[in-house]
Each structure stands twice: as structure tokens, then as C-alpha cells.
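Asks: Line by line, the protein sequences are chains A and B.
The UniProt record's numbering applies: residue 1 is where the first sequence begins, and numbers increase by one.
The UniProt record's numbering applies: residue 1 is where the second sequence begins, and numbers increase by one.
Treat the hints as calculated values from the structure; they're not laboratory data.
Keep in mind that this is a model prediction, so the values were computed, not measured.
Certain hints may be false.
A pair holds if it fits inside one copy or across any two, identical chains being indistinguishable in the list.
[As the list claims (entries may be wrong)] Cross-link-like lysine to any residue pairs, in silico, SDA-like; alpha carbons within 20 Å at most: (1) K11 with R192; (2) K133 with L177; (3) K11 with Q44; (4) K133 with V169; (5) K133 with W170; (6) K55 with Q123; (7) K11 with L127; (8) K11 with P53; (9) K11 with M61; (10) K133 with F171; (11) K11 with L113; (12) K11 with F98.
Protein chains: 2
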Amino acid sequence: MARTTGSDGEKTEAAVREAAVSLIARLGYEAMSMRQLASEVGVQAAALYRYFPTKEDLLFMLMREHMEGLTAAWTAARPATADPAARLAAYVRNHIAFHIERRHATHVSNMELRSLSHERLTQILRLRTAYEKELRAILRDGVETGAFDIDDTGLTAMALIQMMTGVIVWFRPGERLSIAEVTASYLSMTMRLVGARIDTGTYNAARPFGRAKDAVAL
Amino acid sequence: MARTTGSDGEKTEAAVREAAVSLIARLGYEAMSMRQLASEVGVQAAALYRYFPTKEDLLFMLMREHMEGLTAAWTAARPATADPAARLAAYVRNHIAFHIERRHATHVSNMELRSLSHERLTQILRLRTAYEKELRAILRDGVETGAFDIDDTGLTAMALIQMMTGVIVWFRPGERLSIAEVTASYLSMTMRLVGARIDTGTYNAARPFGRAKDAVAL
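Using the sequences provided together with the hints, build the complete structure.
Replies: Quick look at the structure:
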């Protein structure tokens, strides 16, 4: 967007995004008005429309950036190794870290798909499918090399993604468990779920807690 | 509600519930108006208010009935045995069957908690906690008897519930897999995740498919 205001414009746009994610997460997309959003950011409603000509443009942009950000994070985190268990561990770690950092944006992305036009919905779903395909490929490789023991890679991929994304529903930083502890526990559950023939400790540099029986120290 | 119309009134109330679940799932609670709902059901808006004095009364009732229905279904499905694996299998089967049958109501129950008053939110969360506690008790018994091998029963219960409820996001009857096949696969994933020392086939009267390698027939 060519704007004479330069970095001020960028700052406003960033403020709009942040306020929009938080308002939509709180009220729902349909209930949020552009007027309300403008007032939250402290600009005139007309200014908003310079960045986002329609409310749906804004929603689409938030969802696209969320998925592109997730894909970019995974591309950066993806290990060079062919080892399926190491790749699965990296996928789990990246997925949980990304979503815990972006709890509101994740809610918006999961809950407001119904408000996108058909064409834009297709674009978002294509990004999701590509991301999920990476997980399915890891699971399939694991089955082929004998590292994993899985009934149905498609179902297992969906189950894992729902299980991991679900962390944002109940997890709050600063409560009983740290992000590292939650991630370690989910990693261990994932490795069991895929029937990994490895010691899951291998992929937890510092496994923060033991079995339930001796977890009194938590 | 004492009403002279008798079963007509009950029919109207049921029609209101059904239309409300479907409208809220489609538009979101904040965006749905009572006027819109009345028009969907084919009654005057004033008639709606006889059943539900406020829009929030309606939402609360939908959510309460959803959780009470889930609890009642589990009470009916809960096996008499003390065996943790058999109880876990029953919990998984009931949870998946209940939610697949009520996809829209589940979306409403999970997405619209933000619109309840504090007091009512507390009531709904209390019902949820009681239901989840049943799962935690099964997991804990399994750890104690040595049937399961679990790091953290609280985390495992949340992971399982998110994983199972997630079925409604992608599952559509009549596609690649039947409800029985999906349930069998989730049951098998659950038993692995909790480190069950049993043949999961024991709890699947007819396990509908084999390992991924020989699943060509699907």
C-alpha cells in the first residue's frame, strides 16, 4: 500500500489488526462493527477503509496472515533430517508454540470461516490443507520406515492437530504448567499415539516431569 | 411452563431450539436477532419471548441442555465394570457419538461461552468440569491399577476431549469413513495415547479396518 505517512501508516495498520483480533475474539466477527474497531484504535472509521475497504477484507487478511505465519514458522522449524520421529517432534513443538502465542488469532481463524466468501474460504482452506499435508507426509514416512504404527494417517493427522490446537482452550501461561512442560507432555502423548518405537525422552532435551505417580513436586 | 396450548407449545419450543442452534451456528449468537429467529420459526417475535424472555435465556438453555444431555448419555452408557480400559472405551464411544449427532449444538456450546453472564457461565463450566472429572477418574484408576501409563491425567483428559470433539470439525457422514470406523480408529488412538496394556481390538466388537499398509480396501 503506497502511503505518504510511511511508518505511521504501518503502525496504524498493525494497531488495527491487533484490535480487530481482540474484538472479533470477544464479540464475534458479525457483531463487530468497523465503527467500533475505529474507536478502539482511536482513528476515524473512514481511515480504516483506507486499509481495509470492507470488513471481510480485514477478516480475510487476518486469517491469511495467520496461516501464512504458521506455514513460515514451520518452514523455519522443519529439521533437515529424514527421521520421521524428529520431524514429528519439530512439528508438534512448532504447532503448540505458534498457537499458544496467538490464542485470539487462532480462535478467530477457527470460528469465523463461515463469514468468508466462497473464493476466499477456498484460499484459506488451501493453505490449511498444505500445512496439514506436511504432517500427513511425516506420518506416512514413519509408517513406511516402520518408525510409526498407525491405522489411518489422515485421521491421525486430524486427531493430532485438534488435540494440539485444543491447548489454547484451556492453557493459560503462569498457571500449574509452563509452556515447556505442556509441550513435553503433548510430545510424549503424540509419540505414543503414533506408536513411535523410540524413547520420547530423546526429543525432549530436558523432560520436565516424570510419571503421574511421582509428580508430587509439580 | 404452564401453557394452555399444551403440545402445540412444546412443538413451538422445540422448533425454536432447533432453529436457534442452526442460526447461531451459521451467524454467531451476537449477530442473530430474536426477530430473525421468529421469522425462521414462523411465529411473531412476541411469541418467542413467552418461551425465552431474553436472548441470553435462550443461549443458556441451549448450552445447559447440551451439557445435561451429554451427562445423561454418559450416565446411561457408563459400564458397571471397574475395568479402566472398558470404561475409557465406553467414554470415547459415547463422547464421539453424542457430538457427531449434535454438530451445530456443539459449535454453539464451544463458541458462544463469551456471551453468557458470569453466573451462567459458571453453571455451564461446572457441568463441564463434572463431565471431564469422570474421564480423569477413569485415567487415574487406570494408572493406579497399572492398566494405563500416563504422565499427567489432567493434561491427558483435556487432550483426549479436544481430540474427540474435534471430529465434528472435519467429519461428515457419508464420506470416506462411517461413524463406526471413525470411532474405532479414535478408540485405538486413545488406547495408545494412554499407554493401555491391552489389545484395543477387545473393545471393538468389529474392528473395521487394519493397519494403514493394508487399508487399500477403504
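Asks: Decide, hint by hint, whether the structure agrees.
Replies: Do the hints match the structure? See the list:
| no. | hint | result |
| --- | --- | --- |
| 1 | K11 with R192 | neither (45 Å within a copy, 49 Å between copies) |
| 2 | K133 with L177 | between (30 Å within a copy, 19 Å between copies) |
| 3 | K11 with Q44 | within (15 Å within a copy, 49 Å between copies) |
| 4 | K133 with V169 | between (24 Å within a copy, 17 Å between copies) |
| 5 | K133 with W170 | between (27 Å within a copy, 15 Å between copies) |
| 6 | K55 with Q123 | within (17 Å within a copy, 35 Å between copies) |
| 7 | K11 with L127 | neither (27 Å within a copy, 44 Å between copies) |
| 8 | K11 with P53 | within (18 Å within a copy, 45 Å between copies) |
| 9 | K11 with M61 | within (16 Å within a copy, 44 Å between copies) |
| 10 | K133 with F171 | between (26 Å within a copy, 17 Å between copies) |
| 11 | K11 with L113 | neither (27 Å within a copy, 32 Å between copies) |
| 12 | K11 with F98 | neither (23 Å within a copy, 47 Å between copies) |
Checked against the numbered hints above, the structure violates hints 1, 7, 11 and 12; every other hint is satisfied.
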